[in-house]
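These protein sequences, in sequence, are chains A, B and C. Here the numbering used here is used: position 424 in the first sequence is 424, and no number is missing along the way. In the numbering used here, each residue carries its 1-based index in the second sequence increased by 478. In the numbering used here, each residue carries its 1-based index in the third sequence increased by 614.
None of these hints come from the bench; they were simulated from the model. A couple of the hints might just be wrong.
[Claimed, not checked] Only pairs whose alpha carbons sit at most 27 Å apart, straight line, appear in this in silico DSSO-like list of lysine-lysine:
1. A/265 x C/708
2. B/590 x A/31
3. C/708 x A/423
4. A/97 x B/590
[Unchecked claim] Non-contacting residues of chain B with respect to chain A, defined by C-beta distances greater than 12 Å in every case (computed):
5. 505
6. 562
7. 563
[Claimed, not checked] Chain C side only, calculated, beta carbon under 8 Å to chain A, not exhaustive:
8. 629
9. 636
10. 649
11. 654
12. 663
13. 675
14. 685
15. 689
16. 690
Ideal Cβ positions, reconstructed from N, Cα and C, are used throughout, including at glycine.
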Amino acid sequence: MINFNDLKEIIPLIIIAASALISLLIAVYSKKSGMPVYVFSLLAVLAALIFTGLNVTKDVIIISEMLRINPYSNAFCMIALLSVFITFMASKDYLEKLGINFGEYYSILLFALFGMMTMIYANDMLTVFIGLETMSICFYVLTGLLRKRMKSNESAMKYFLLGAFMTGFLLYGMSLIYGATGYTNITKILATYTAIRTPMFLIGLALFMIGFFFKIGIFPFQMWIPDVYEGAPTVVSGMMSTAGKVAAVGTLIPVLITLNLVEYKMLFSILATLTMLYGNIVALSQSNLKRLLAYSSIASAGYIMVGITSMSDLSIKGIAFYLLAYVFMQLGAFIVVSVFENSTPDGKDFRNVTFDEYKGLAKRSPVLAIALTVFLLSLAGIPPFAGFWGKYYIFYAAIKSDLIWLSVIAILLSVISVYYYLKVIVYMWFKEPEGETSGEAVPVKALSYAAIMVSLAGTLLFGLYPDLFFTFFKFLIK
Amino acid sequence: MLSDFGQVLIFMIISIGFVAIAVISGKIVGPRFASKGKDSTYECGEDTVGDTWVRFNFRYYVVALIFIIFDVEIVFLFPWAVVFKEMGLLAFIEMTIFLFILIVGFIYAYAKGDLYWDKPQPIVPKLDRQIFKSEI
Amino acid sequence: MLELNYFLVLSALLFSIGVVGVLVRRNAMIIFMCIELMLNAINISLVAFSSFLGNDSGQIFVFFVLTVAAAEAAVGLAIVISLFRNKESLDIDKINILKW
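Same shape as in the complex, but just chain A:
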């Protein structure tokens, strides 16, 4: 039975759900102008962010044990909210240029956000499933938003077919787990020690994890990532690679760490190694920055997997920090790419914006070049930026739980990654601009500019004061 006091705890969820519905109505009644719905949804996300921030230390299980609100879920939730907020800021200019600034975009994105939050707060496989599907279905739509363009169509189709296929596996896993334990409630499942090591449960768990590994982009299930990110509208790719990953990781990790599957550590570390290898090695041969960022997203899935492998309380905190840094740097980089793409002549389809076109960006618009340089260096894990501390905490957790060889591999591979990030930076700073647009500054609208600045500020702030994050959520690192 629902207790009305519980509703107080899920105010952020209610805000997002209600604003998604209201923005749908605003969108349809304020015909052409996208402004009202834009402002409204931006404010809604901000309100949800503030409300979540006010009660970060709550630890309760509510609504017939369907939702679990604790500092970890709040942390992941706030990171997802932040990512969507920055995406919203950058979306308007980009979409207007492409002629797809529909009010529905904001509504769908809010629904996706609702799905993510439900999933992160979920304490029941049913809630996990509903949240995951709400998120995925919205992502399919957002990927295919540019419906006149072949690439967008194609990536939406691929994403949809693979995503639905993997949902089948996830669901089969859930059904087996339910059969083995007799519960759908995650707390109760984790409490049934006798059933938890039966073959049926383990097969179910494996299928369940496959579903999530697909969403995160762990090795054998990563093939969709580059295609989908390249075809989708750039701001949407940025959002999917950050918020989508945060949601999937935030749901899976607490479960896995409570289960503490120590005997499968080897399997997990092999998957982590392969994911990092694949992401970093294939990225070396890329010439399109959007695709390069997609491969770097696979590589970072590998770093997250290193965190999952160490299976300690410390590693959740490390992953949470890494994801926060990741939102700023990855989303920031995607937004810079989106601004840059808009400045190039608009073809029938997405042109391949290769590295060559970034030549001399530092002379054309120094601010963009500085921002992109910071984001890429942070992604590579160079010290004064947030990305470094993210990797540092994850590898630290891995070393603490005797996975020294794995962290050595991870560090070596992230040294390799410096090469391809530096290539872009060299093109921007040390080459002369060429082509018909050479010499002109890249036009940046105020809101995109603000979004880039927020990401830049985040990358620098958490790079210089990483402790801010841990003191805010009262996570103890020792």
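With chain A held as given, fit chains B and C onto it using these hints.
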């Protein structure tokens, strides 16, 4: 004594046999005279017009989608209706919220004009010559 | 009373047929139907578990699976239509602009 599957088997044999006898006896006993008119496609007794593979109007698709959404919602309404008396006011409020969410979707579809079906606009023949008008 | 295993075997078989269909067939619509088959196979196993364990959560789960499958169908068909308008084909081997 038959097992559960035995019962199902007997049931299957009887039902298949029943249909088979009806169909086969019809084939054997009934008279058959082929003619051109009889073999043609039946379309309300008229001569068939045009190709079978025509493009359907796109509106059918939108209407079908809206139908699916409101069709599936019934699945939640039935169990609710069964326990409605025991659950009382709370269940009523919850279901109202649920239906409200669906109605927002409906309003959206309505405001977008997806439910608007063009009325047939008969083509009135235009006459240039005045002579008929005066005769009427 | 029938044993639980019969239902599980049936569900596993249907699920496998769906998986093989997805992997073998090349038409996007048929792949889509195979995915629906997989979801329905899962529904069978959920209902069977629910009936044999004597608790309702499995059956409630089935309701939600059905609803989600409907929503997925709606979005999936929309994507198929927009692809077909551009490409005039649903053969997934011909969907190949994006690679490496």
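Going down the list of hints, with the structure as the test:
1. About 41 Å separates the Cα atoms of residue 265 of chain A and residue 708 of chain C, which puts this hinted pair outside 27 Å; it is violated.
2. Proposed proximity of residue 590 of chain B and residue 31 of chain A is supported: the alpha carbons are some 10 Å apart, at most 27 Å.
3. The hinted pair formed by residue 708 of chain C and residue 423 of chain A fails the criterion: a straight-line CA distance of about 34 Å is larger than 27 Å.
4. In summary, the hint linking residue 97 of chain A to residue 590 of chain B is supported, as the alpha carbons are separated by about 23 Å, within the 27 Å threshold.
5. Every CB of chain A is more than 12 Å from the CB of residue 505 of chain B (nearest about 44 Å), matching its label as outside the interface.
6. Listed as a non-interface residue, residue 562 of chain B keeps its Cβ farther than 12 Å from every Cβ of chain A; the least gap is roughly 15 Å.
7. Taking the minimum C-beta to C-beta distance to chain A, about 15 Å, the non-interface status of residue 563 of chain B holds against the 12 Å cut.
8. Hint on residue 629 of chain C holds. Least Cβ distance to chain A is approximately 6 Å, under the 8 Å limit.
9. Annotation: residue 636 of chain C was flagged as interfacial toward chain A, and the flag holds, the nearest CB pair being 5 Å apart, inside 8 Å.
10. Below 8 Å, beta-carbon pairs count as interface contacts, and residue 649 of chain C has one with chain A at about 5 Å; its hint therefore holds.
11. Annotation: residue 654 of chain C was flagged as interfacial toward chain A, and the flag is violated, the nearest CB pair being 10 Å apart, outside 8 Å.
12. Hint status for residue 663 of chain C relative to chain A: holds, with the closest Cβ pair at about 4 Å, below 8 Å.
13. With 8 Å as the threshold, the beta carbon of residue 675 of chain C comes within range of chain A, its nearest partner Cβ sitting at about 6 Å, so the hint holds.
14. Of the supplied interface hints, the one on residue 685 of chain C holds, with its beta-carbon coming within about 6 Å of a beta-carbon of chain A, less than 8 Å.
15. Residue-level restraint check for residue 689 of chain C holds (minimum Cβ-Cβ distance to chain A is 5 Å; threshold 8 Å).
16. The interface hint given for residue 690 of chain C holds, since its Cβ lies 6 Å from the closest Cβ of chain A, which is under the 8 Å cut-off.
Against the hints set out earlier in the document, violations occur for numbers 1, 3, 11.
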